[in-house]
Amino acid sequence: PIIQSMASNKRAQHEMQAHSSGGPPPPPQYPDADAGADNEEKPPPPLRKPSDSKFHQQKLPAWQPLLTARSVFPLFFLVGAAFVPIGAVLFTASQSVKEAEFNYTNCRDASGISCLEQANKPDYYRWLRPPCVCNMSIHLPDNLTGQVFAYYALTNFYQNHRRYVKSRDDSQLLGWKPGSEEPLQDCSPYRQDPGSEEPLQDCSPYRQDPGSGSWILPCGAIANSLFNDTFQLFYHSPTAGADLAVEVPWTSRGISWASDRERKFGRVKNFTGTSKPPNWRLSPEQRSADSFQGDEELIVWMRTAALPSFRKLHRIVLHNASSAADWFKDGLPSGNYTLLVNYAYPVNAFSGTKSFVLTTSSWSGGRNPALGIIYMVVGCLHIVLGALFVVIHIQASKNLRSSNNEDQQTIRPVFL
Amino acid sequence: DSQASIECRQPILDGGNQKRDCDFDVTGAAVCGRDLPVSTAAAANNADRSPTSELADALAAPDGPSLRRVTSLRQRRLLDFFLVMAVCNSVVVSIDQPASESAADSTATSATSVDSAVKRWKRQVWRRKAPPAASSELSASAAVAASAAPTPSLTPSPTPPTPLVLETDQLSAGTPEPCRYTDAELTKAYVAESPDEAALVRAACRSGCKLVQRDADSCLVWLPADGHVRLPLLCVMPFDADRKRMSVLVRDPATNRPMLLTKGADCAVLDRLRPSDPADTDSDADRVLLLTRLHMEQYSVAGLRTLCLAVRYLDEAEYADWLAEYTLAQRRIQGREAAMARAFDRLEAGLELLGATGVEDRLQEGAADTVAALREAGISVWVLTGDKQETAVQVGHACRLLTEGQQLLTLVADSPAEAGDRVRRWLRELDVAYRPAYQIRQRRARPAVRDGVALVLDGRALRHCLDELVSCDFLLLAEQCSSVLCCRTTPSQKAAVVGLVKESLGMQTLAIGDGANDVSMIQTADIGVGISGQEGMQAVMAADFSLARFRFLKKLLLVHGHWCYDRLARMSLYLFYKNCVYIMMLFWYQLFNGFSGQVNIGQVYQICFNLTMTSLGPLVIGILDRHLSAEILMANPVLYTDAQNCRSYLPWHFWLNILDAVWQSLVVFFVAYLGAMDTDCGIWSFGDTVVSAGVITAVAHNALEVRGWTGLHWFALLGSPLIAWFAFAIVLNLVCTNCLHPDNPYYVIVHGLTTARFWLPQLLAPVLALTPRLCVRAYRNTTRSNLTAQALRHQSSAASTRSTKPAWLLSPSAATRRRNGGGSSGDAVELATAGNFDGAAVATGAAGIISVGGEVGLSTSSDPHRLPLQTRPRTFPGPPPTAAALTALSSRSLSFLVRGNGSGVGGGRRVRTRSASSAAATAAAGRRASW
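The listed protein sequences correspond, in order, to chains Z and U. Number 244 in the numbering used here belongs to position 244 of the first sequence; there are no gaps in the numbering. Number 1344 in the numbering used here belongs to position 928 of the second sequence; there are no gaps in the numbering.
Because the hints were derived from the structure by calculation, they are not lab data. Quick reminder that beta carbons are idealized off the backbone N, C-alpha and C, glycines included.
Listed next, with one range per pair, are the computed distances between beta-carbon atoms:
(1) E101/Z <-> N1202/U: 58 to 66 Å
(2) W1175/U <-> S171/Z: 26 to 34 Å
(3) I1146/U <-> V384/Z: 32 to 40 Å
(4) T1028/U <-> D330/Z: 45 to 53 Å
(5) F55/Z <-> W1175/U: 33 to 41 Å
Some residues of chain U that are not near chain Z, with every Cβ distance over 10 Å (derived):
(6) D731
(7) A814
(8) L1066
All chains should be built: construct the whole structure from the sequences, respecting the hints.
In structure tokens form, the structure reads like this:
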């Protein structure tokens, strides 16, 4: 009875307090009296106990290898064993590529005028007047067997200069921009045909030129500086007599990336209202019927070179052309050739040189022995290192055995 | 008859004719007679029932003391002693709580509920603006008596005496009713903020004086002779750090007179006893005082925590007078705290000493082992405790902080000059060269610690040592000592010591504690660790890391701290490396484009090089990598010195790392360059070759740096080049027809993948670039003889000989789990903190560990803003410690401050959360006082 009276007493007190204060419920004292109070209590706060997963407790199983002489020397031998053959194969492949390079920078035309000086004159680049055509007699000491490619090579030409690289408008080249639409600002100063309304501070030669003010298509320094020497190669067959010169048949079709032709260079429907780049002699329509998709020399040129000395693919020799009979079926035979250069591109201003390159190719690309040599050197180095680490390993285990006796500070072993 | 029987028991009680001072060892489980040797008392802790509880027997005897018939002063004291133990606290009886919850180790949940129970009670007490003038709110069954009482009123009118208020109708009956709950139920139901309080109440309960219920205005107590007795609570004067005592004003149910029950530290109570009246020859107050002092000393030496219990009887006039003052004080708007303190002060005077209790504060399991491991790890362990010096020294021995045969330098000083003299004399004896403060911060190496010397000082001496004139010498001395023990420190002193070490010695400090009085210390230290558990949540809320047990500190520092340092060091080095490689790859290209600033790497690749292509690897290293297994680190605390001496990240590591990055970028760039020289290679094709070789090199470098390969490592390091670079680049090159002017990567990489020029450098460049690093790593791992290299080799050989199973199929923690009996969660260090500080706390915690490795303080000496110690104004958090606060027992915590070179640690023992702050946290109801 006492407990009951206590309980009822408590209940009465609780009720009284709850009514009078309206505050939080009193502390629960007895289960029976506080069933209601418990329900009113807030739910307990969410448990913040960290997860007991292996990830949270940093107990993910781990493989803990240690790089020691013991574990490393097989690796060195392995690398050596792999790299020396790779290098050798690479070197052989590179050596199998035959190439012939002819520097014609300083060639002279028939009247003995240096074309370099001629091309250096103002406006020569654009108008080619008077034309400078030089004949170079070249000799191929070896047969170039297989598919032969003709490159031109420029040196000291910084196609990778920051302002040069960005001076282009791909939308124009794709034919997406009609002639009336403004090209990218990056194309400046080869952006707009110099009209009176836009003075070109940087390009004074073009300021006097009374232009139409129309947009240049294709705009930009890259397009404007298009390489425009043209070549003809004649083969003097030893059997056919000295007078007979057979022109080597070649084509510019296929010198560019297929992806560039298909997706990055389109057909411009309408050139009206646009100007050609100031340095171009021919307009885009004149250069190719379906500009710019068909203008593969332009496509190749627009892919700017990585380094200041570069080559660009110019022509692919047609080995099965009917015009040349069977002369070039297996490549270019050794012998004497004449290279007829329509010399137009000035390189004097940047102290560059121009070359004409005939080369075959292999799976590893052109003739480039450097990588093969480095592969072999690195392979040999690793073999030496492997041997060195065998010695280190032996030495260290010897030291370990001898030092076990000394009472130096050691760690307590743990049996994992 | 009863008289005779009590007399008869006296010798047992008091040891011959000596009488009446009842002093108890309250060990949480056992109440021992005072005659028990101290060692026995300490050893008997675990016994469920006290071996000799004569006092309890006396209380429970059929003719034992009863409120109704107090026959002698002795009996009265016996009763009062137990009443103080049972009532003078804030323990709440929460009988409806599931026993398992309250009795279990205080997890976060139960702690919260306990917290709320105590808070609710406090709120009720607080809501009652003034103590009730009378007992009209008492039980209905007491209405007979209460009918004469006036209605409760706030007016401080003198209360007419109210007759006996007992909750039983059977006053006349010979045997009182039995207690309504069993001891076991009650023991589980006691909910206290402080385990000490719970221990006392539980001890009282076992002895027969049972606290049955606590309301806002009354306590229900069961006494063997009286049954249930309701004690009206007139006023509760809570514990605070200044007074260092707690008092409860109750109405004696028998006489209806007000009675003040006081419990407090010795210095807080003994000074306030009623002066003995020489005229009163009957008075034995002097003898009680003497004996109590003696026993308290014995208890302290045994490592027990002592408390004095005292009582004061008031008459109605005194009470009414005081109540008037108190009510006025409560109503004040300004200076209310001070006025209330004055009121308390006035009431808590003229006390009659009843006796003393000793609470054993057992070390938590593994505490001694942890302290020993920390010291082996080269961490200096300082203990900052609120306990008495004797207790603290005893505990220091128990936790192997102090060892036998150690020279204890005990610093006692009453003035800064005296403290300075003694410190300097010791310095001379130890032959330590004097150094000005600025030199201490500048020096590179820490002096060797002398194992034979330990420094002990109390709060007063500490206050003088913190004086600007002495602090430098004090620190010089302290860092020579293998351990430093500061007793009787206040919370602000703790923070000041941590701050002094941090600032003046340029050390990384870690403070660990579990109570509210450790909060400022925890916040001052570089790393604050809170122990969650019986003392509440305040320390945890303020801490960067929260632990459930002190012993987890060992794992936190030696394993997680070491891992963290090693990971972050290697990750930082790698981040520097990869940025340098990337920048240098761009730089070498400038040599070939007229320094025009053109980059060969496409703009998206530039962004992604750091963002995706090489980001997962360092992240995985920084989060998951483990260079040594936890078992090895735990078994060899000395390996932790690596982190202290920054051996994973030295200046030459940085420069060599940068040099390596330059070399690697050279290799990557020029191998690609040789492949592209004199060809028709376009700028973006060339860039793809370079960046691809760069990514593979950087990831391979990352792989060399990985020490423990988990599945995530494989994913990150294989995924970075394959997915983040190749797959990403191919997809980008396929979809980006006319975009990203000027690089426009359409089909560039697809075209590149078909050329040998692209592929050949991908193999050559990484191998050649990483050869030097591989050689150095292998060479050093093979030939170095330091402990870390030994441990690495041991781990490697142990792993290879362990089984034929592939290593990655075996969990390295299998051994641990076996040792811990399968429960891995108990061993888990809580890396998240409780409370509302999750994100911030984890973040600062991580930062703290980062700085474990770095000698941050050493490089700042040239800073003109950092004045020499003597002239720099120092600000301490909190009010400056006063002399009164220092001499009094303000807090009873024992906390560790651990310092080490470039790392720091602190530890905490236990604390009372009886500070005035109402946000005091929780206590576990069912456990003994323990660490």
